[in-house]
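Trainee: Take these sequences, add in the hints, and give me the full structure.
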Amino acid sequence: MSRLRIAVVAVTLALSVIAPAAAQATPTATNITSWTSSDGGTSANSAYLISWDNQPTTLSVSGTAAGAGNVDIVCYFGAQGSSQYKVLAANLNVANGAFSTSSSSPPELRLIAGHACRLRAVPTGQEASDDFSSVFTGPQVAVGETALLPTISGGPNDGTAYDFYVNPVTFSAFAAWKAAGTGGCGPYAALIDSAFDIGNFPIDCAGSLLGDDLGAWGGRSEVEVDGRSAYDAASAQGLFARSNGLYNGSEDLPGFPSLNVKVTWDPTTGLMASQATESWVTCHGPDPFPATAATCPSFDDTGVRLERAVTAGDGGRVITLTDTWSSTDGQSHSLDLLYDDYAGVFGTATGERGWQFPGQSGFTQYGTGDSVPAPSSAPASILVRTNVSAVDGDPSEGVGAITFSNPPSGLRFASNNELEEHQLLSVPAGGSTSLTYIYSVAYSVADATALAQAAEERLQPVAIGSTGSPPTVVSSSPPPTPSPPAVCRVPRLKGMKLAKGEKALRRADCRVGKIKRVASRKLGRDRVISTSPPAGWRLHSGARVELFVSKGS
9 MSRLRIAVVA VTLALSVIAP AAAQATPTAT NITSWTSSDG GTSANSAYLI
59 SWDNQPTTLS VSGTAAGAGN VDIVCYFGAQ GSSQYKVLAA NLNVANGAFS
109 TSSSSPPELR LIAGHACRLR AVPTGQEASD DFSSVFTGPQ VAVGETALLP
159 TISGGPNDGT AYDFYVNPVT FSAFAAWKAA GTGGCGPYAA LIDSAFDIGN
209 FPIDCAGSLL GDDLGAWGGR SEVEVDGRSA YDAASAQGLF ARSNGLYNGS
259 EDLPGFPSLN VKVTWDPTTG LMASQATESW VTCHGPDPFP ATAATCPSFD
309 DTGVRLERAV TAGDGGRVIT LTDTWSSTDG QSHSLDLLYD DYAGVFGTAT
359 GERGWQFPGQ SGFTQYGTGD SVPAPSSAPA SILVRTNVSA VDGDPSEGVG
409 AITFSNPPSG LRFASNNELE EHQLLSVPAG GSTSLTYIYS VAYSVADATA
459 LAQAAEERLQ PVAIGSTGSP PTVVSSSPPP TPSPPAVCRV PRLKGMKLAK
509 GEKALRRADC RVGKIKRVAS RKLGRDRVIS TSPPAGWRLH SGARVELFVS
559 KGS
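According to this note's numbering, the residues represented by the sequence shown are 9 to 561, in order.
Keep in mind the hints are simulated off the structure, nothing from the lab. Glycine included, each C-beta is placed from N, C-alpha and C at the ideal position. Worth double-checking, as some hints may not be accurate.
Said to hold, decoys possible - In silico DSS-like cross-links for lysine-lysine, where the CA-CA straight-line distance does not exceed 25 Å: (1) K522 - K508; (2) K524 - K511; (3) K508 - K524; (4) K502 - K524; (5) K502 - K522; (6) K505 - K524; (7) K505 - K522; (8) K511 - K522.
Said to hold, decoys possible - Pair ranges (Cβ atoms, derived): (9) D534 - T277: 38 to 46 Å; (10) G439 - Q461: 41 to 49 Å; (11) G226 - G163: 28 to 36 Å; (12) Q461 - G226: 34 to 42 Å; (13) G223 - A382: 15 to 23 Å; (14) R552 - S442: 56 to 64 Å.
Mentor: Have a look at this one:
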């Protein structure tokens with residue numbers, strides 16, 4: 009992140025004599041020799057780090073330097089000549105040939121979370137210099153992140169959890185996911201190349217169950233329980249605005265659903281897993297779509313609970329999602345579900361996504377409203393290319409595989425890059441039913457096909473051998489090849505206080521652009537009215553987003 013520094017030079021006049029200013033000293037070489045996370049499960053000088061944002065997690069860094077002056081600790085990622093960076097700590101004084109971060113207030117790891125990068129100490133103000141220089145040396149680190157249970161702020165449900173964020177990062181892949189009903193989406197994944205550039209996301213939003221199908225199936229919630237629109241905490245939180253115009257009035261309703269989540273992290277691999285338990289609710293009374301404050305005065309429990317387990321594997325390029333739907337009221341229930349599959353971050357407007365369904369031999373570019381015959385059996389896989397015009401294996405693009413345990417009853421496109429899978433399930437009285445998706449990412453069609461075949465083998469019913477034990481299956485995966493820059497996803501900020509909105513932008517890998525204050529009768533002073541570009545846009549990492557903020561009426 010670039011920083012504006014204003015140098016103030018004091019000039020002393022003594023009669024007619026002007027004393028010349030001394031040149032500021034600059035370190036000529038540095039080496040980071042030690043780094044220690046405050047997370048108790050992370051060993052000193054570990055290549056894999058984790059930012060537990062709720063705590064928060066800090067990182068102590070020290071090293072040696074030739075010369076005097078100040079240094080900044082910087083996280084670099086990207087190819088030589090076009091690398092990007094984030095500053096972890098600034099203006100560390102070099103004394104007696106050494107430097108270190110403050111022991112009383114070490115920097116927070118969240119400042120560089122979400123990146124595999126080269127950690128360097130560079131002279132203060134020279135962050136934009138070539139970080140491939142041999143005189144500034146340090147380790148390579150992969151920094152994952154998790155934010156557990158963001159909560160409702162204010163109102164009768166103050167403090168109630170509605171979402172979470174999990175972001176495992178390795179030296180070969182980036183993955184992330186949230187609660188089932190969040191607009192921030194279920195698993196998304198892309199490969200990371202040797203320069204730590206992140207490519208296009210073949211799996212950009214998978215397994216989400218949102219409160220709106222974007223019109224793909226005529227306008228409905230993506231979850232219906234016993235024929236009624238149903239919502240988890242994440243989708244219920246954003247159904248409609250408060251009467252005073254502030255966003256998320258639905259979060260104030262009685263009967264708001266519950267969310268519990270447990271996240272685990274492996275410090276030896278950087279991989280993560282989550283186990284979330286979510287209750288699902290319907291609006292009390294009529295069931296119009298979309299729900300409004302007038303038609304949804306409170307929530308009723310559906311008697312159905314979702315236990316979602318998500319695990320990253322194979323260096324982060326394979327994500328396994330298992331949904332177990334259970335009856336909590338002793339009654340049987342019918343589920344009508346629309347699982348999202350969103351592919352690609354950039355190039356969304358040109359219809360360049362290509363999809364290959366079971367039984368097909370090539371990739372086809374589908375459009376809004378197109379449907380595909382449902383597969384007759386499972387396990388099976390759907391392949392997707394982020395750009396059918398790109399050379400196969402292009403590191404700036406990617407190929408994904410969506411492998412399912414249960415065949416969808418229908419497949420329909422909301423757009424060229426968004427497919428919705430129709431799943432019809434029955435939950436027995438007092439029992440449960442489950443289905444599994446395995447999402448894989450690769451650079452080439454051959455690699456993605458191999459990963460899909462391995463995933464299908466995993467989902468095959470296991471035959472019991474003569475010994476009474478399942479046979480041992482050994483699967484191999486081709487090594488990753490190369491990919492480009494991270495992504496700024498403009499979050500929905502309307503109604504947020506300015507400080508909270510700025511923080512949300514930074515967490516989304518965006519930069520805060522111009523802040524324009526305008527009159528508003530609906531939103532109080534310092535509340536975000538809108539953004540430019542608007543919420544939902546996907547931009548390059550570090551893109552600036554303008555904020556329009558209320559200055560009151």
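Trainee: With reference to the structure, classify each hint as holding or not holding.
Mentor: Hints, verified against the model:
no.: 1; hint: K522 - K508; verdict: holds (16 Å)
no.: 2; hint: K524 - K511; verdict: holds (17 Å)
no.: 3; hint: K508 - K524; verdict: holds (16 Å)
no.: 4; hint: K502 - K524; verdict: holds (14 Å)
no.: 5; hint: K502 - K522; verdict: holds (16 Å)
no.: 6; hint: K505 - K524; verdict: holds (14 Å)
no.: 7; hint: K505 - K522; verdict: holds (16 Å)
no.: 8; hint: K511 - K522; verdict: holds (15 Å)
no.: 9; hint: D534 - T277: 38 to 46 Å; verdict: holds (43 Å)
no.: 10; hint: G439 - Q461: 41 to 49 Å; verdict: violated (32 Å)
no.: 11; hint: G226 - G163: 28 to 36 Å; verdict: holds (33 Å)
no.: 12; hint: Q461 - G226: 34 to 42 Å; verdict: holds (36 Å)
no.: 13; hint: G223 - A382: 15 to 23 Å; verdict: holds (20 Å)
no.: 14; hint: R552 - S442: 56 to 64 Å; verdict: violated (44 Å)
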